[in-house]
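> One-letter residues, chain by chain:
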Amino acid sequence: MDFDFSQDEKMIREQVRKMLSARCDSGAVRSVFEGREAYASHVWQGLVEMGVMATAIPEEYGGVGAGYPSLCLVAEQLGAHLAPTPFSSSVYLATEALLLFGTEAQKQAWLPRLAAGEIIGTLAVTETVAQATADSIQLAFADGGLSGAKLIVPDGGIADFALVLARANGGALGLYITDLQQDSVTREAVATVDPSRNSSSITFAQSSAQLLGAAPDQGWSQLQQVLDRAAVLLAFEQLGGAQAALDMAVNYAQERFAFGRPIGSFQALKHMMADMYVALKLAESNCYYAAWALATGSAELPLAAATARVAAIQAFQLCARDNIQVHGGMGFTWEFDCHLFYRRSNYLTLQLGGLAEWENKLVDRLPAGEAA
Amino acid sequence: MDFSDTKEEATFRSEVRAWIKDAAPTYLHDSLAASGFGNTRTGEYEPLAEAKKWQKKKADGGWACIQWPKEFGGRGATPMESVIWGQEEGLYGKLAGTFIIGQGMCAPTLMAYGSEAHKQRYLPPLASGEEVWCQLFSEPQSGSDLAGLRTRAEQDGNEWVINGQKIWTSGAHISDFGILITRTDPEVPKHRGLTMFFLNMKSPGVTIKPIKQANGESGFNEVYFDNVRIPDSQRLGEVGGGWQVSLTTLMNERLAIGGSIATGFPEFKALIDNLPLGNGRAIDNPAVRSKLADWYVKSAGLRNTAARAMTALSKGEVPGPENSIGKLVAGGMMQDIAKFALDLQGLGGAIVDPAIAASSARLQAMLLRSPAVRIEGGTDQILRNIIAERVLGLPEELRADKGIPFNKIPSGR
Numbered sequence: 285m286d287f288d289f290s291q292d293e294k295m296i297r298e299q300v301r302k303m304l305s306a307r308c309d310s311g312a313v314r315s316v317f318e319g320r321e322a323y324a325s326h327v328w329q330g331l332v333e334m335g336v337m338a339t340a341i342p343e344e345y346g347g348v349g350a351g352y353p354s355l356c357l358v359a360e361q362l363g364a365h366l367a368p369t370p371f372s373s374s375v376y377l378a379t380e381a382l383l384l385f386g387t388e389a390q391k392q393a394w395l396p397r398l399a400a401g402e403i404i405g406t407l408a409v410t411e412t413v414a415q416a417t418a419d420s421i422q423l424a425f426a427d428g429g430l431s432g433a434k435l436i437v438p439d440g441g442i443a444d445f446a447l448v449l450a451r452a453n454g455g456a457l458g459l460y461i462t463d464l465q466q467d468s469v470t471r472e473a474v475a476t477v478d479p480s481r482n483s484s485s486i487t488f489a490q491s492s493a494q495l496l497g498a499a500p501d502q503g504w505s506q507l508q509q510v511l512d513r514a515a516v517l518l519a520f521e522q523l524g525g526a527q528a529a530l531d532m533a534v535n536y537a538q539e540r541f542a543f544g545r546p547i548g549s550f551q552a553l554k555h556m557m558a559d560m561y562v563a564l565k566l567a568e569s570n571c572y573y574a575a576w577a578l579a580t581g582s583a584e585l586p587l588a589a590a591t592a593r594v595a596a597i598q599a600f601q602l603c604a605r606d607n608i609q610v611h612g613g614m615g616f617t618w619e620f621d622c623h624l625f626y627r628r629s630n631y632l633t634l635q636l637g638g639l640a641e642w643e644n645k646l647v648d649r650l651p652a653g654e655a656a
Numbered sequence: 039m040d041f042s043d044t045k046e047e048a049t050f051r052s053e054v055r056a057w058i059k060d061a062a063p064t065y066l067h068d069s070l071a072a073s074g075f076g077n078t079r080t081g082e083y084e085p086l087a088e089a090k091k092w093q094k095k096k097a098d099g100g101w102a103c104i105q106w107p108k109e110f111g112g113r114g115a116t117p118m119e120s121v122i123w124g125q126e127e128g129l130y131g132k133l134a135g136t137f138i139i140g141q142g143m144c145a146p147t148l149m150a151y152g153s154e155a156h157k158q159r160y161l162p163p164l165a166s167g168e169e170v171w172c173q174l175f176s177e178p179q180s181g182s183d184l185a186g187l188r189t190r191a192e193q194d195g196n197e198w199v200i201n202g203q204k205i206w207t208s209g210a211h212i213s214d215f216g217i218l219i220t221r222t223d224p225e226v227p228k229h230r231g232l233t234m235f236f237l238n239m240k241s242p243g244v245t246i247k248p249i250k251q252a253n254g255e256s257g258f259n260e261v262y263f264d265n266v267r268i269p270d271s272q273r274l275g276e277v278g279g280g281w282q283v284s285l286t287t288l289m290n291e292r293l294a295i296g297g298s299i300a301t302g303f304p305e306f307k308a309l310i311d312n313l314p315l316g317n318g319r320a321i322d323n324p325a326v327r328s329k330l331a332d333w334y335v336k337s338a339g340l341r342n343t344a345a346r347a348m349t350a351l352s353k354g355e356v357p358g359p360e361n362s363i364g365k366l367v368a369g370g371m372m373q374d375i376a377k378f379a380l381d382l383q384g385l386g387g388a389i390v391d392p393a394i395a396a397s398s399a400r401l402q403a404m405l406l407r408s409p410a411v412r413i414e415g416g417t418d419q420i421l422r423n424i425i426a427e428r429v430l431g432l433p434e435e436l437r438a439d440k441g442i443p444f445n446k447i448p449s450g451r
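Chains as they are written, first to last, in our numbering: chain A, 285 to 656; chain B, 39 to 451.
If we strip away everything but chain A, and leave its shape as in the complex, we get:
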């Protein structure tokens, strides 16, 4: 047994960390947050130059085939720096969906450009303000075109193409690839709890689209498989965010004095931060296990992914929330970055379906008996 990342994988993490430290500071996050940019193009460019979009894509499709553990550590750093880019939509969702279910021609057409970061993809599912279910999807596919609307699509205003969950001829659900640049596609920005991530509604009017892969009735189960893989990668972003929020809290508690002492010497705050650390550590270990399951194609991936996802949601939400508490009043100012973590933690909780949804999946996937 060797339950750790390799030296090569850790080196990739370190390189990404350095680039993001240089390019993705609070100013870069705020330029998107405050609406001056749709996404941080300078940061995206840095990621392109490092070739990290290609990390888990096989060489035959223009990737580097460095594997999922490396990609997990890239994700962790993106999370720690609150990177305001469409990386998760394009890499964890669109790329993974194509890798899993695309026809050979589709893979050849899209993957090399995704690997090079030349194009951006996303996944469009949600149509109402309720958690999506298989029955709730209305968007229609008929005569080679999509018609209807997706209420909120992460990075929907930035992406060049989308994988759209749609119902063919009033019947089966499938995933369809569609070019978002065509005239029949209307996109409108949607305001969310986290303006540092682009979110848009997308309306299709008989917009040209093509079935992903060959099975027109497997859309819902394909979606679940894509979400499981994305959940592992997104969990690493949440992990990175949780660690950064905890670091912020610890640093502030050492510098800020009250009653003649650093506030970090008060047990009430020490114990709060100890609990943040515990949640983080549990999430980290569960994420490591899920990274292994993802990398090896283990049959345990569905349970491991749900476990990592739930743990990472808990850890990031707790750390971001209590980071504000440690900062006191200053934590509730626009100026301090605490709310950027708080907002992101809540956005990432919802991005692939919320906590209750993933708790449910986790329990569905538990084996019977004394499973520990």
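One should not assume that every hint holds.
Claimed, not checked - In silico negatives: residues of chain A with every beta carbon more than 12 Å from chain B:
id: 1; residue: A322
id: 2; residue: Q390
id: 3; residue: S549
id: 4; residue: E619
To be verified - Straight-line C-alpha distance at most 30 Å; calculated DSSO-like pairs for lysine-lysine:
id: 5; chain 1: B; residue 1: K91; chain 2: B; residue 2: K108
id: 6; chain 1: B; residue 1: K45; chain 2: A; residue 2: K294
id: 7; chain 1: B; residue 1: K59; chain 2: B; residue 2: K45
id: 8; chain 1: B; residue 1: K353; chain 2: A; residue 2: K302
id: 9; chain 1: B; residue 1: K250; chain 2: B; residue 2: K240
id: 10; chain 1: A; residue 1: K294; chain 2: B; residue 2: K353
id: 11; chain 1: B; residue 1: K95; chain 2: B; residue 2: K108
id: 12; chain 1: B; residue 1: K446; chain 2: B; residue 2: K108
id: 13; chain 1: B; residue 1: K157; chain 2: B; residue 2: K94
What the hints assert, rightly or not - The following label-pair restraints were derived from C-beta to C-beta distances:
id: 14; chain 1: A; residue 1: S582; chain 2: B; residue 2: D391; range: 38 to 44 Å
id: 15; chain 1: A; residue 1: V477; chain 2: B; residue 2: D391; range: 48 to 54 Å
id: 16; chain 1: B; residue 1: Q282; chain 2: A; residue 2: P342; range: 54 to 60 Å
id: 17; chain 1: A; residue 1: S582; chain 2: B; residue 2: E47; range: 17 to 23 Å
id: 18; chain 1: B; residue 1: E47; chain 2: A; residue 2: P342; range: 28 to 34 Å
id: 19; chain 1: B; residue 1: L285; chain 2: A; residue 2: P342; range: 49 to 55 Å
id: 20; chain 1: A; residue 1: E333; chain 2: B; residue 2: L285; range: 55 to 61 Å
id: 21; chain 1: A; residue 1: S582; chain 2: B; residue 2: S241; range: 42 to 48 Å
Calculated directly from the structure, the hints in this document are not laboratory data. Note that the Cβ used here is the ideal one computed from N, Cα and C, for glycine as well.
Since chain A is already given, all that's left is putting chain B on it; use the hints.
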């Protein structure tokens, strides 16, 4: 990243499996499986005798304390092999509870501070379970503040004379030897005036009284010392160096206890799989599912954290204070699980008779025993202090007794 056994590990595992298949006391299997937390059941057989029998059998086969050097009764195995042994021993490992303190905490202290002759004399029978050891640390006036202990050791020629009282000593009543931390100099600040010894528990002047616990059982004792004499040759470490020695013991306590920590999750999961609730099954209830998911995440998180510690250990790194999270998470979780499990059963959940209660009353046993988990071996609060100070680097507690000679420290009554 690789979770599968290496070729060597797989070979070792099959060797272990074959030996256990032949040697294990299978007649105890069902009783052990129904054991409540903190209460190893052996059915019609006497628990201590069965524990000693299994330990001796392991020792004779070369499978006791396998990580110890061969010359001290071990096998010179790697940390990973030790983990594999634990996985394969499974249920029968519950029988070793009697020996955890001696083998897991006293032995490493002896190895670090004992003389060569002591190690040769005491370690092999400790490994084989023929001699049982206990750890005499806590006192009525010093629990979390261990360094505030008052049991006096005064030198008289080549001997030391011990007077005072210890408390919460697990297994003192069945122990042959114990390691004992004492105050040898009350005129210096508290950490500097301590000295460690080991002693024969049958020495004149030692009185052992069981403590009746809140759950009705008696696993702990009070131990009184009335002019007990210990030869200076049984001192461990320097005079005044007892605190350093105790840190070795306590560091190993974290490993010994943290390794196979009980959370209550498997018992809870097995219970609710078939438990009716309302007009359906408990496991289909949304509130139950949410809690089940949360507890699974914690349980899996602890298991995976332990796997990471093992990886670090196998690479020659020392597991750090971050392993304090194990008991902190498991203790509170077990208490929550037990309470919730009973709650799902209505008034019937109150029944503690194993013949009537669901799951042989294992959850009820947890409810009544779990408060102690959050106290023994470091309270939840002390563990949070350790995480905050030694892992996160936050400032130390303000100490009213810092730098003050022990006998000038204010003490309540």
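> Hints first: check each against the structure and report whether it holds.
Hint by hint, here is what the structure shows:
1. At roughly 35 Å from the closest C-beta of chain B, the C-beta of A322/A stays outside 12 Å, upholding its exclusion from the interface.
2. With a closest Cβ-Cβ approach of about 30 Å to chain B, Q390/A is found to remain outside the 12 Å limit, as its non-interface label requires.
3. Residue placement check: S549/A does not keep its beta carbon more than 12 Å from all beta carbons of chain B (closest about 4 Å).
4. Distance check on E619/A: its Cβ is at least 25 Å (rounded) from any Cβ of chain B, clearing the 12 Å threshold; non-interface status holds.
5. A hinted pair counts as satisfied when its Cα atoms are at most 30 Å apart, and K91/B with K108/B qualifies at roughly 20 Å.
6. At roughly 26 Å between alpha-carbon atoms, K45/B and K294/A fall within 30 Å of each other, so this suggested pair holds.
7. Distance check on the hinted pair: K59/B and K45/B sit about 21 Å apart at the alpha-carbon level, within 30 Å; holds.
8. This hinted pair checks out: K353/B and K302/A have alpha carbons roughly 27 Å apart, not beyond 30 Å.
9. A distance of roughly 22 Å separates the Cα atoms of K250/B and K240/B; the hinted pair therefore holds under the 30 Å criterion.
10. Proposed proximity of K294/A and K353/B is supported: the alpha carbons are some 16 Å apart, at most 30 Å.
11. A hinted pair counts as satisfied when its Cα atoms are at most 30 Å apart, and K95/B with K108/B qualifies at roughly 16 Å.
12. Only pairs whose Cα atoms come within 30 Å are accepted, and K446/B paired with K108/B is rejected, the gap being roughly 48 Å.
13. This hinted pair checks out: K157/B and K94/B have alpha carbons roughly 19 Å apart, not beyond 30 Å.
14. Remark: the range hint 38 to 44 Å for S582/A to D391/B is upheld by a beta-carbon distance near 43 Å.
15. Between V477/A and D391/B the beta carbons are some 52 Å apart, a value that agrees with the proposed interval 48 to 54 Å.
16. Under the hint 54 to 60 Å, the C-beta atoms of Q282/B and P342/A, about 55 Å apart, fit the expected range.
17. The supplied range of 17 to 23 Å is met by S582/A and E47/B, whose beta-carbon atoms lie about 18 Å from each other.
18. A hinted range of 28 to 34 Å holds for the C-beta pair E47/B and P342/A, which are about 31 Å apart.
19. Checked against the given bound of 49 to 55 Å, the beta carbons of L285/B and P342/A, roughly 51 Å apart, stay inside it.
20. Checking the proposed 55 to 61 Å range against E333/A and L285/B shows it is violated: the Cβ atoms sit about 49 Å from each other.
21. Separated by about 57 Å at the C-beta atoms, S582/A and S241/B break the suggested range of 42 to 48 Å.
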